[in-house]
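Input sequences plus hints: build the corresponding full structure.
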Amino acid sequence: HSAMPGSAVYLRIHNRGQSDLTLVSASSSAARTLAFHRTVVEDDIARMEAVDSLLIPAGETVELRPGGMHIMLTGLTDDLLPESALPLQLECDSGEVYALDIPVMKMMMSERDDAVELGDLVFSNRWARPALSGMNVSAMPSG
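What the sequence shown shows, in the numbering used here, is residues 179 to 321, in sequence order.
Since the hints were derived computationally from the structure, they do not count as laboratory data.
In this text, all values refer to a predicted model and were calculated from it rather than measured experimentally.
Glycine is no exception: its CB is placed at the ideal position from the N, C-alpha and C atoms.
Pairwise CB distance ranges, derived in the manner of DEER restraints:
| no. | residue 1 | residue 2 | range |
| --- | --- | --- | --- |
| 1 | Asp-230 | Asp-291 | 29 to 37 Å |
| 2 | Arg-290 | Pro-235 | 20 to 28 Å |
| 3 | Thr-239 | Val-202 | 13 to 21 Å |
| 4 | Val-218 | Thr-252 | 17 to 25 Å |
| 5 | Gly-253 | Ser-231 | 15 to 23 Å |
| 6 | Glu-274 | Ile-223 | 32 to 40 Å |
Structure (structure tokens):
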């Protein structure tokens with residue numbers, strides 16, 4: 179159990195352009211720190227490892243999914259409740275910034291027709307795990 183409440187963003191990124199793109203940073207108004215992480219399994223123990231950047235090769239699709247590569251959010255400044263959306267900005271090494279909304283949901287049920295086209299990149303199957311920013315992680319807010 180992590181002492182810091184956090185969330186993770188998952189999505190599929192397709193590069194329809196002619197050249198490789200490298201995402202070098204992620205940011206959001208809802209969290210202080212966002213980082214690219216991959217899950218590494220050694221001796222049947224899974225641990226997360228931060229990676230500096232995320233390469234999206236030309237013509238290929240990169241999948242961020244549970245148990246694989248994802249974007250880790252820590253230091254949440256807003257509660258991420260199901261049915262809400264998380265604003266996300268991804269910055270490319272060229273300086274281009276891709277801004278999109280990530281729906282918050284408990285789990286990805288199936289393929290969703292939610293593709294967003296930004297420049298050479300197509301983002302789809304976007305979702306983020308629900309999380310609370312407060313210290314009491316176990317209690318859902320009464321509403």
